[in-house]
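Based on the provided sequences and hints, a complete structural model is requested.
The UniProt record's numbering puts the first residue of the sequence shown at 1, with every later residue one more than the last.
Bear in mind the hints are in silico, worked out from the structure with no lab data behind them.
It should be emphasised that the depicted structure is a prediction, and the values quoted were computed from it without experimental measurement.
Hints are supplied without guarantee of correctness; some may be wrong.
Unchecked claim - As a list, the in silico BS3-like pairs of lysine-lysine whose alpha-carbon atoms are at most 27 angstroms apart:
1) Lys-91 <-> Lys-15
2) Lys-330 <-> Lys-196
3) Lys-70 <-> Lys-91
4) Lys-159 <-> Lys-194
5) Lys-97 <-> Lys-159
6) Lys-159 <-> Lys-196
7) Lys-330 <-> Lys-264
8) Lys-264 <-> Lys-200
9) Lys-330 <-> Lys-91
What the hints assert, rightly or not - What follows is a set of in silico ranges between Cβ atoms, one per label pair, in the way DEER data are often shown:
10) Ala-284 <-> Arg-43: 38 to 48 angstroms
11) Glu-243 <-> Arg-187: 43 to 53 angstroms
12) Glu-243 <-> Thr-143: 49 to 59 angstroms
13) Thr-17 <-> Ala-88: 48 to 58 angstroms
14) Leu-130 <-> Gly-311: 17 to 27 angstroms
15) Ala-233 <-> Glu-2: 19 to 29 angstroms
16) Glu-236 <-> Glu-2: 53 to 63 angstroms
17) Val-47 <-> Arg-303: 53 to 63 angstroms
18) Pro-117 <-> Ala-249: 25 to 35 angstroms
19) Glu-243 <-> Val-136: 42 to 52 angstroms
20) Asp-141 <-> Ala-249: 23 to 33 angstroms
21) Ala-284 <-> Asp-238: 31 to 41 angstroms
Glycine residues also receive a C-beta, built at the ideal position from the N, C-alpha and C atoms.
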Amino acid sequence: MEVMHERVAGLDIGKATLTVCVRTPGGRGRRSSETRTFPTTTRALGVMRDWLLERGVTLAAMESTSTYWKPAFYCLEEVLEVWLCNAAHIKAIRRPKTDVRDAEWIAQLLEHGLIRPSFVPPPEIRRLRLLTRYRVQLMGDRTREVTRLELMLEDASIKLSSVAASLTSVSARAMLTALIEGERDPRVLAEMAKGKMRIKIPQLVEALTGHFNAQHAQLARTMLHRLELIEDALDELDAVIAEATRPWAHQLELLQTIPGVGPKVAQVILAETGGDMSRFPSAAHLASWAGLAPGVFESAGKRHQPEAQHGNKWLTSMLVEAAGSAGRMKGRNYLSAQFARLTARRGMGRRRSRSPTPSSSRSTTSCLATSPTPIWALIGWPGVTMRRTPAGWSPNSNASGTPWSSIRPPESTAEVLEDGLRPPRADARLQHRYSRVCGAP
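Spelled out as structure tokens, the structure:
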């Protein structure tokens, strides 16, 4: 088999040690292998790096094993090209399993060009990823703590969550604080409602009548304290992320022109994609990498339900939220019109399937498959910020289901710019086709 890379190294990563196999040209046209094992401490990784440079290695590959690959990758990326490879591709062929043989196998696959690198963003994006992913985890902690509080109140026959929109609202917290301090009169508690909740005072009186005792008060005090700590940490983290994303302020502003994409979703999109669309040849590649490309499973002329596609779960979860928000905009833009059209055609009863997450709908998933298109276009073409809305588009027209990329412009406007984009008419209003005012002339 043809050798694509002359001097390569394969790394089998473990928690405490890593095994390195170097493949270089040998005598009589053969290939020679040399294998060594190193600890994963910082100094030992420096020794490994010097050894690879001494052997003239120009390309190294490793499996994406948990998070153990990061120290070795970060150490080597400064001096040579490093590939992080999908373990499923490397283990596709069964073979005897040892650390040494794994390293040799990775090196052989690498030298023959049989494996591909995974996307690893630059250091500044990796640091931003740590912040945005930790924020998502903190938001999950907050949701779980609110759920525990609600279940505890159910045990005390307090139905506050049935009346209040959220247990973390100002009115709900005032009532819970009074309950913890010993107030048991439901009428006194209901009078603490503020704003729009005051019209629900009769329902609050019934909901706050229960069996709240000292044990419930102790648990509620602890849960509310944990909620305050989480919310303080979230506020601090939001400020840190806002400061860290200043160099990409223009890209974030462009991303927020997409319906359903707010500041937090835009920050996650930037952190997960790296803000560099040259990694993705097209919007379809970006959708597939995110795990949003619809799966196909056909046998004997029949289409069956495909499994959920693998992808970037952090990006997918945020795009699910963005697509849900766009779908609730009631036809005010392309994505919401597409969502309404698909929902009407497929019906509400068939909405839950073929989704990247169990709680998403098929209509939302279809919108998600389209949503990477403006992301790829807006970030990938920094010199172009807006595009003209397709002529004749309206929320109720059939054109709402036709993406701009499939509309062929007339030959009379065949002038093409250097970046491959066609210029809009001089009298056309410039705006992105996913703009919130997509139906404007």
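Okay, the hints, checked on the actual structure:
1. Lys-91 <-> Lys-15: Within the cut-off at roughly 19 angstroms; holds.
2. Lys-330 <-> Lys-196: Since the Cα atoms of Lys-330 and Lys-196 sit roughly 25 angstroms apart, the hinted pair holds (cutoff 27 angstroms).
3. Lys-70 <-> Lys-91: 20 angstroms, holds
4. Lys-159 <-> Lys-194: Holds: Lys-159 and Lys-194 sit about 18 angstroms apart, inside 27 angstroms.
5. Lys-97 <-> Lys-159: 57 angstroms, violated
6. Lys-159 <-> Lys-196: 18 angstroms, holds
7. Lys-330 <-> Lys-264: Holds, because 23 angstroms separates the two Cα atoms, which is no more than 27 angstroms.
8. Lys-264 <-> Lys-200: Judged against 27 angstroms, a Cα distance of about 33 angstroms means the pair is violated.
9. Lys-330 <-> Lys-91: Since the Cα atoms of Lys-330 and Lys-91 sit roughly 47 angstroms apart, the hinted pair is violated (cutoff 27 angstroms).
10. Ala-284 <-> Arg-43: 38 to 48 angstroms: 45 angstroms, holds
11. Glu-243 <-> Arg-187: 43 to 53 angstroms: 48 angstroms, holds
12. Glu-243 <-> Thr-143: 49 to 59 angstroms: Violated, since Glu-243 and Thr-143 (Cβ atoms, about 26 angstroms apart) do not stay within the stated range.
13. Thr-17 <-> Ala-88: 48 to 58 angstroms: 23 angstroms, violated
14. Leu-130 <-> Gly-311: 17 to 27 angstroms: 20 angstroms Cβ-Cβ, so the 17 to 27 angstroms window holds.
15. Ala-233 <-> Glu-2: 19 to 29 angstroms: At 54 angstroms between Cβs, range violated.
16. Glu-236 <-> Glu-2: 53 to 63 angstroms: 55 angstroms, holds
17. Val-47 <-> Arg-303: 53 to 63 angstroms: Distance hint for Val-47, Arg-303 holds at roughly 55 angstroms.
18. Pro-117 <-> Ala-249: 25 to 35 angstroms: With Cβ atoms ~30 angstroms apart, the hint holds.
19. Glu-243 <-> Val-136: 42 to 52 angstroms: Since Glu-243 and Val-136 have Cβ atoms about 18 angstroms apart, the given range 42 to 52 angstroms is violated.
20. Asp-141 <-> Ala-249: 23 to 33 angstroms: About 29 angstroms separates the Cβ atoms of Asp-141 and Ala-249, which means 23 to 33 angstroms holds.
21. Ala-284 <-> Asp-238: 31 to 41 angstroms: 33 angstroms, holds
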